[in-house]
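Take any residue in the sequence shown, count from 1 to its spot, add 2: that is its number in the numbering used here.
Since the hints were made in silico from the structure, they are not lab data. Computed from a predicted structure; not experimentally measured. Note that CB positions come from ideal geometry on N, CA and C, so glycine has one too. Misleading hints may appear alongside valid ones.
[Unchecked claim] Here are the computed distance ranges between Cβ atoms for each label pair: (1) Asp84 / Gln53: 31 to 41 Å; (2) Ala9 / Asp68: 56 to 66 Å; (3) Ile96 / Trp17: 49 to 59 Å.
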Amino acid sequence: MTALAFALRLFRRDWRNAELRLLAFSLMLAVAAVTAVGFFTDRVSRAMELQAGESLSADLVISSHDPISDDYRDKAAALGLDTAETLGFPSAVIHGDRVQ
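Using the sequences and the accompanying hints, generate a full structural model.
Structure follows, in structure tokens:
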């Protein structure tokens, strides 16, 4: 008897036992739940990005991790546009080797 045949025989025997079926069902349920949450968060994220202009009352939003160049600000001022600058900060402060 080969090792593969022996393994299949043991698998069939264990499959008849309810514990292995319960484990397989639980694994499938966990994968389905994680997938559903992932799809849901992706859809919410897309909806928020599409409606960001409405919540900001803006026709155009320029965002960057680096400061926006003065050329953009000067052009907006020349066109009589209202501008705003926002800054985001991390939720934790690190000083040296300590996190606060």
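Hint check results:
1. Asp84 / Gln53: 31 to 41 Å: violated (20 Å)
2. Ala9 / Asp68: 56 to 66 Å: holds (57 Å)
3. Ile96 / Trp17: 49 to 59 Å: holds (52 Å)
Hint 1 alone, counting from the list given before, is not met by this structure.
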